[in-house]
Amino acid sequence: MPSARPSVLYVTDLAYEARGRRYGDEDVFLSSRLRDTFTVALCHPLDAVALMDAFDAVVVRNSGPVLHYQAAYEDFRARALSHGVRVYNPLTGKADMAGKQYLLDLTAAGLPVIPTVDRRADVDRLPQADAYVAKPKAGADSLGLRVLTRDALDGLDSGDVLIQPRVDFRYEVSFYFVDRAFQYALRTTDPDRRWDLTPYQPTDDDLAFAQRFVDWNGLDHGIQRVDACRTRDGRLLLVELEDLNPYLSLDRLAPDDRDAFVGALKTSLLRFTRPR
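The working numbering puts the sequence shown at residues 103 to 378.
Please keep in mind that the hints were generated in silico from the structure rather than gathered at the bench.
Glycine included, C-beta positions come from ideal geometry on N, C-alpha and C.
Take these hints with a grain of salt, some might be off.
Cβ-Cβ distance ranges computed for the label pairs, FRET-style [to be verified]: (1) 292 x 213: 23 to 29 Å; (2) 300 x 201: 28 to 34 Å; (3) 176 x 127: 25 to 31 Å; (4) 317 x 107: 28 to 34 Å; (5) 301 x 184: 39 to 45 Å; (6) 294 x 170: 41 to 47 Å; (7) 368 x 174: 44 to 50 Å; (8) 238 x 303: 31 to 37 Å; (9) 358 x 248: 40 to 46 Å; (10) 314 x 365: 46 to 52 Å; (11) 291 x 141: 36 to 42 Å; (12) 256 x 141: 19 to 25 Å; (13) 368 x 334: 26 to 32 Å; (14) 224 x 107: 49 to 55 Å.
Use the sequences and the hints to build the structure in full.
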């Protein structure tokens, strides 16, 4: 007889050393809380293909930048899609899950995002700035990020590098969602310390800003993190829409808020694993 408890393959790299974050601690905590509702097994991302067919769902959590295992990740995506494996988050995300092209698309659409181009010849379309940020279009976790003067941008015409003006901001703020529903927000206490976060109470306008990008992405299931910066004139600009494996900074939440998030995640996963 099939088990009444859905089974989940929880994909994580417990040993990955992320700057300012403790991937292993967060996933040990979260997977342990899921066990009272699901049958849970943890595995490294390189083992997911061999194991995933035996579970009701594959939950991709703090698995690290896929740049470190790009071929294996592409194989995982292809096999999951061809075998009908339920992957959480679903593999249809249009944001970081698919690379950084969305920053160009959102810029072109006039949405409130840090203006982005991918060719030196298009830099004149950006606001004037003292310095510019250049980062690989296929990058993640600030890998390959450089801060350059305008003159130093010469030669960046390959189309595989994103160019943005360096924004003078007051702080960064992240909004966390489950199944398009807002859960909590955290902000930086120092612009130079990205992962030193404290709870943040968003305004209605803040929530409308973040919800706009979550709705644009079109994922009905899963966890998303909307990262934004607050400029000196008070505006919010999108920095990143993380829809693959967003770190959640659960250790920065009060116990009741952490419990509420776990509850929302369990409810979401129960809906996601429900028999078709």
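Problem - Enumerated hints in conflict with the structure, sorted upward - result: 6, 7, 10, 12, 13
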